[in-house]
Every structure is written in C-alpha cells, then in structure tokens.
Amino acid sequence: MKTPIQFRLNGEDVAAFVEGGANLLDTLREIVGDLTVKGGCWQGTCGTCTVIIDGVPRLSCITLAETCSGSSIETAAGLRRGSELHPLQIAFMERFAAQCGYCTPGMLMAAKALLDKNPNPTRQDVIEAISGNICRCTGYEPIINAVLDAARDHTRSRV
Amino acid sequence: MLEFRKDIFADERDDHLQEIGQPTQRQDMLGHVTGTSRYYDDHRFANLLHLKVLRSPHAHARIRSIDDSAAARAPGVKRIIRAADVPVNLNTLLSLMQFGKDDEPSLASDVVRYKGEPILGIVATSERAALEAMALVRISYDPLPAVFDVEEALKPGAPSVNPAYPKNTFEYHGKYDHQKLRFGDVDAAFAQADIVLEDRYQMSPIEHAPTETNGSIAVPDTNGRIVVYTSTQALFFSLDTAAKINALPSNQLHFIGGTVGGGFGGKVDTMTEPLAILAARLTGAPVRYRLSRHEEMQFGSPRGAERIYIKDGIMRDGRIIARQVRAYFDSGAYTRLSSYAVIKCAGHIPGPYSIPNVYADVYCVYTNRTPATAMRGFGVTAIDFAIECQMDKDAVAIGMDPLEFRMLNAYRDGDMKAHRREAKNCALIECAQVAAEKAQWPLRDEFRRMSSRQGGGSARAGVTDRSRMPTPAAPPRVPASTAQRAAYERPMPAVSPAVTPPPAPPIPPQPSAPAGSSHGARRFSSVFGTRRR
Amino acid sequence: MTITVKTFARMDDAANALMQEREARFMAGGTLLMRAVNEVDPSIRTIVRATDPNFRRIGLSSGRVELGAGVTMAAILAERELAYLHPAARAVGGPAVREAATVGGNLFAPSPYGDFATMLLALDATVTMAGGFGQRELPLEELLSRRERGALLVASIAFRRPAVDAIRFVKVTRVHPKGASVLSIAAQLPLSGGRVSHARIAYGAMAPSPVRAKAVERALEGRPLDATGIAPALAVAHEGTSPVDDPIASAWWRREILPVHLRRLLLGEYSARHS
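Chains as they are written, first to last, in this note's numbering: chain Z, 1 to 159; chain P, 1 to 533; chain Y, 1 to 275.
Keep in mind that the hints were calculated from the coordinates and are not lab data.
Treat the hints loosely; a few may be bogus.
As the list claims (entries may be wrong) - If you want the ones that stay clear, here's a sample from chain Z, every Cβ over 10 Å from chain Y, calculated:
no., residue
1, E30
2, W42
3, S71
4, G78
5, E94
6, A110
To be verified - Keeping only pairs whose Cα atoms sit at most 25 Å apart, straight-line, the calculated SDA-like set for lysine to any residue is:
no., chain 1, residue 1, chain 2, residue 2
7, P, K244, P, E430
8, Z, K117, Y, A36
9, P, K424, P, G399
10, Y, K6, P, L131
11, Y, K6, Z, D54
12, Z, K2, Y, A24
For every residue, glycine included, the Cβ atom is placed at its ideal position computed from N, Cα and C.
All chains should be modelled from the sequences, with the hints used to inform the complete structure.
In structure tokens form, the structure reads like this:
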C-alpha cells in the first residue's frame, strides 16, 4: 500500500508513490530520477545525501519521504540556471574543491543553505556549515576557500 | 603557492616544462559540481534486482549446515546463490600475474575464516526483501580457535588460517616463508656500535572509508554478454578476475568504469563484480550488488596492520652502522595484495640512508581478520613510519639534531644500497636543506654545504665485507645512442633473496629483441623470479 | 513486508498507538529511527508520528521553560532566550542533523549520544509523558533509568529557568566540530557568596545513559570554584560512572580523562564551548 506524495523539486512539481518507510534519498534517485543526490551511508552520518528542504539543510537518507509532501526541495540538479553555473559551482571549480566528486553535491547544498541565510559568513561559519559533510579527498581547505569565494562573488554581483 | 627550486641540480635537467607547474582543470570537474559525473550507480534499469550477501558472524568456524529453504521462498526472492553455484570458487587477485596460489573463495562452503566472510547470496526485487529473507536463513557453526596476532600466528601450534598456506605465511617461489634482505654483517657491527637501540612499532588496520561504497551493477546485454558498471579502480584486473571466477571468456564481459567515488586502494579487490555477474547470469536480469556502509567497514579490506621491530647500531659521530628489521604484515585470512606489499617493504628497507650492514626479514602472515589490501603506498607507509620514528630516537640517543642526523646518513650518489644497486640521483640532503630553510630550522654550516653529489661511494658507505658481494655478470651491449645513464640499463647481478642462492634456472631461449629494446639483462624479480623482462 | 506509517494529530493518540501496535516505534526527528529502518530492523513494522502543535512548542514563562518533545536542536539555536542551551544543542550532529534531531529523541539516544539530555539532566528537568494514563510528570533522571522498558512517549520537557552564568557544558570529541562524544559534562553551578550552592552535574557517555554526578555535587557544596575548593570533588569524580568500550573510546580512556575535563570545567577554563 503506497502513499502518494507531491512536492516541488528545484522549482518543478513532482509526484510519487512511496512505500511505507521509504527515505527521501531513495525516492529522489530511484523513483523521481534525480541522480545528482548521492548516498554514502544511509545512516545519517556522512552528509553526502544533503539536500535543502524548505530552506534548511537536511539529510535525505534519514528523512521519511512522506513527511516532504508539500515541501520545496532543492538538489544539486537545480543549482545552474540554464548554462549559467551557480557562484558556488564556479568557485568549487576554480578552487579545486573536488577530487573524486562524490561528496560534492551534498557539500554544495550545505554551502548553499549557509549562503542563502548568511550571505557574509566568516571562515568559522563555513566550517560549521559543512561540519556534517565528510570529504575523504580534499582535506576540506579548498572547499572552505571556495565557499568564501562564492560568498564574496555573490555579494559583489548582487547589485 | 607552489615554488620550484630549479637552482638545485640545474645542470642535470632540461627544464622546459609545459604542463608541470601550471594549474590545469580536471576533465570531470564540471560533472562533479553539477552532480552529473556518472558513478556506477548512476544508471537505471528496468526490473533491477538486488544482491545482498550473508556473512560469517565468526572469525573462524566450520559450517555444519545451511538451511536456506525459508529464505528461497520468501517474498521477492528470485534466487539464492550458494558456494556450489560459483564456477571457479577459489581465486587470488594476483593469479592474473601467476603470483600466489588461489586461496580465497567467493562464497565460503565448509569453513569461514574471518568475520564478514561471504557465505550466501540472496537476489531479490528489493534490498529490503533480500535482507528480510536473509534473516530466515539458518546456519549452524562449530566455532574454531582463531588467531588475531601476527606473532602468535607464527608460533608452533597456532590455528592454521588459510589451507593454501598452512603455516600461516605466504610462500615466495614455492619455498620461502618470508622475504630476506642481507648486506654486510650486522652482528659484527652491533658489537662495534657505540649505542644499540631497539624498538617495536605497531600500526592498526586502516579503512579507506570512501564516501562511495564498493558496488557494481551487472546487466545482461542483448548479444549474450554482460555489461558491468563498477566502482572499481582496477578495470582490467576486475574484468579478468570476474571472467576467471565466472569461467567466462573475458570477451563476454564489458566493464564500464565511471568516476570512482574515492578509492585510495580500497576498490582494487574486485569485491562485488564476480557475484553480481553470476547473479545476472542466473536470473537473466540486471543485478546491483552494493556494499552498505557497515559492510564497507567490516568486509571491505583495510590497509593491513603491521608490526615492525627495528634495531639500530649507531656510532657517537652519528653514523648508523647497522640496521636490523623484522616486520610482519597482517594479511588477514587471505592473500589479496599483501604478498606484494611485503616485497615493497623489503625493497624499501633500510630507508634512504646509507647503512653498511643491513639485515631484514619480512613476513606476510595470515590471521583470522578481514583480508588486507592496497591503500595509499601500502607496504611502504608503515615501514617508513617505523624507520622515521626510529631515526628520531637514534638522534636523541646520541644527542644530535634529528635533521642533521638524517642528512649525515642520507644516500649520496655512488653509495651502494643494501639491495646491491648504486644510489643515483639522490636528493634527500637537498630536500632537508630546503625544508630547514622554510621552517627556519637551524642547520650547522657543514650541513648547509652538504651535497648528494659528494662523498658517495666511499668507505663511509661501503660494504664492510666485500667477499659477500656476488660478482656482477658480464655487462650486456648497451646501445651507443644512450646519452644519459639510466639505472635500468646497468647490468644487474643475479641476486637471490635467500642467503644461499637457489640453483640457477636454465636460461630460456632468447627471442630476438624487439626493435627499441634497450637491454638484454637477466633480472631477478622478487615477484617473477629469474626470467627475462 | 512493508512498513506502515501512522500519523496522529494528538500526542495521546500517538502514545496509545505506540502501545497497541506491534513493533511500533515513534518517529520524532528520525535521526536514529530512519537508520534502523534503512537497515531493515525487523522489530520495526509501524512508524508512529504526531503533528500535534504542542509537540514543537517552546514555552517560556518567567520562571519556567517548557519544550515540546519535538522541538529541534535548530529551533533551540534560533531562540535567543535559550542561549545557555546553545552549546549543548550545537554539540548534536551537524547542521542538517540539527534541523531534524529533537529534544525528546535525544532522551532516548543510546550512549555515546545524548549530549542534550545530559544538559537537561543538569537542569533538573522533568518530563511529561503522553498516553492513556493521563499526563504524568516525572523527573528526567527516573525516565533515563528505565527508558529501555516499555512504549514510552514523552510529550514535553520542563525545567526552571537557571541563572544563565551558572551553566557550563563541555563535549569531548575526537572530531571537531562534529563527532560522537568521548564524554560530555553539563553543570549548573549557582554561587551564593562566592560559594557553590546546590550544584547539578551530569555526565554523558560515562554510563549506559546520562547520569548525575551526585558525589561531586555534594563535595562542591559550600566550596569556592578554585583549585583547592574543587579538590574534594575531583577526588570523587568517578563515583556512579560505568563507562564502556565502544568504537569512539575505551572505558579506560574515559575514566582517565574525566577528572581532567571536570577540573577544567569547574575552574571555568571551558566557559560555554566544546573542548
């Protein structure tokens, strides 16, 4: 007996039928078809699956899908506008803030959640914002620098 | 910022670098930041089935009985895969290079040898269905005595872990139970030394913990082949290993590697492809076999733990005149890449230092732990850790600055290494000088003037007992066009790792040298034995 | 077999369902429950939820704070009036976890988790249970001692508003800023004439659940918070503790470092931050 849910995904209306107990990560990847959300642990400990739900960062692997009915969800798929990359995406590229790339979508969403609320973060704010996201490759410094760059560019371009 | 010290060894280089030193963007960076880089699991198939593996809860046990009948009937289950279903159920990764005996089953049948060892595969319409069915399997075990310590495993009477190697050590060339390095006379040197310092170093197993766990999806293709999307770092290793285990010609498999979500060596063991392929063949459907995070920690191979004993003989003037090493690799229950790691370790001893008397024994030991594998310089990282800690202790013992101590003992060009190769293109001294400058670490003038190109090959670094050196073979013809001396072109004496050299094998008939071949030297390789390259 | 999700508008109905349904578990933030669901824990067949507005209510009156069990760590952090709770709230997970993790859920989080519960214990909190037996209020300490037994549903947690300067908290962890506790210490140290009066000290990860360090509390009574004053308290730091080995730390290590961190906390070397 599946439950119907409806929500907005990156600005588009989406509907799905989900099994009882289904988590949002599997729902997005397997049913809705958004493969930009990645799964690392399915335990809520690595942050790889981070998405934004109603403006706040959430771990999709431990979010019951049906609690998202009516919500607005953002994933990495929604970052670019057409061919225009989000300042965070540009900054990550310029600062070499990804190697294997697997943690990157979750990292970007954690960073976006920060910048959407705090456009002028300190270095400590950035560290706190990504503290729930594990990266095994970069050592975090390039990521922190990228987020700070994006904050500066973002602020500058908001005329 | 990156700084190039091109003043150092400037006369040895042609320095028109086009790519090195210039930033360049990763070809997949745009994919990474848009979330569109394709990992193995970023492919969707109709009617995808899911393989989950039931694993041993015991470190060492005999399997008395398996009753999977209830599991086979459980909702959503399409197929149970048993040991008897695996076409070639014994393998070792490096059998592809004829190195080592096949020792590891894909599914255990009579005995389990480490906690987490695979026993049964369950293929179902969802992971949930597979896991619920798994709870219905009844297996009875007779626990066996287990061994978890490398030195305990080598004592007489220790439980025998791996039937291919009953004495709990890997066998090199069919008869040697460890790797040996012998150079000079350490006992005589220890007797002469002003200070003898001995210590023990222990590393824990280290898990790679990539953010993407190991996994693969095997998909029956329309022409009878199987297409495999895999997280592997070693695409060709994995294809050939999977072909062997499935008794398939390798051209029946099409392996597609995507981006690897973190490997670090933890995705070279072909962990999931063979069973995923078997499941796809048995069901006719695409099958995904994905390790959970818990499986990645427990079953995914770590960099193996190592125990290393180092004994140094030092003179008060700072020279290390003897180094004796005894090292044990914890390979876990099966070989995988540990046999090779031990060779790398032996090749690395005694470190980048000119020591006239060296004695090392390095063992690949089996215990009832998760089998170890490659990780970031495995075979070398641990021995380096041990050597460098020991160097610091040596320096403290004689009251010398630890950096100067290293520089004093560093290889110089022309020194004879314990492996009977001449040290060339040494640079430890120059690296230390630059590091000292950057760290504002004071060095005495004498050390600031040192050079890797001076002082090598002298009695300081020479072999004390020249009678122990084998006579070099007659040098082969070296092409006159070779302008620069390349180490690989020098004649290599036939060197045996054992104290008594094995009888020289017959020299195989020499094929005509392919065009461009630069030498005809007979080499001894710790991996391949004596044969032509 | 599928899982059934049942959502109730009232806490009491949710509590009754929890008792009546077989293999039912209550989902507050889901940070621990969903992991078990993902790993196909066979003891979970029904997930019970509540949309009761009281569940997420923060009630601030002049002397009393009342937190609905569903109040999240993020909601605590957004409430300036509860600034003294922020160090403990910030100690829970990373930002995404804090948007889901609840005060009530933390009461049932197994050691070494439960840092916020440790803080509440030092605040002498009481809990109000939901369910068919009417609203029952009991000390948090009592709930923690029997939280393994029975289908318990906490509706809200309450405590008397403390003297803000008297609150101290430290979480000792290997990974900064986020990581499971090696141990945590929460303290309420009211001073009267420069001497401790009615201290409350609680430890996290030093026992199967957060515990009060009552011997330490007694030894601090009437003492100044200087090196000599706290010496008798440090001498009994371990009383009532029973730490275990886990993947984070060994029991031995926890015992070794407890007095070090207690001393620093009592001397004010941590103020209100992580270690």
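* Asked: Which numbered conditions among the earlier hints are violated in the structure presented, ordered from lowest to highest?
  -> 2, 6, 7, 8 and 9
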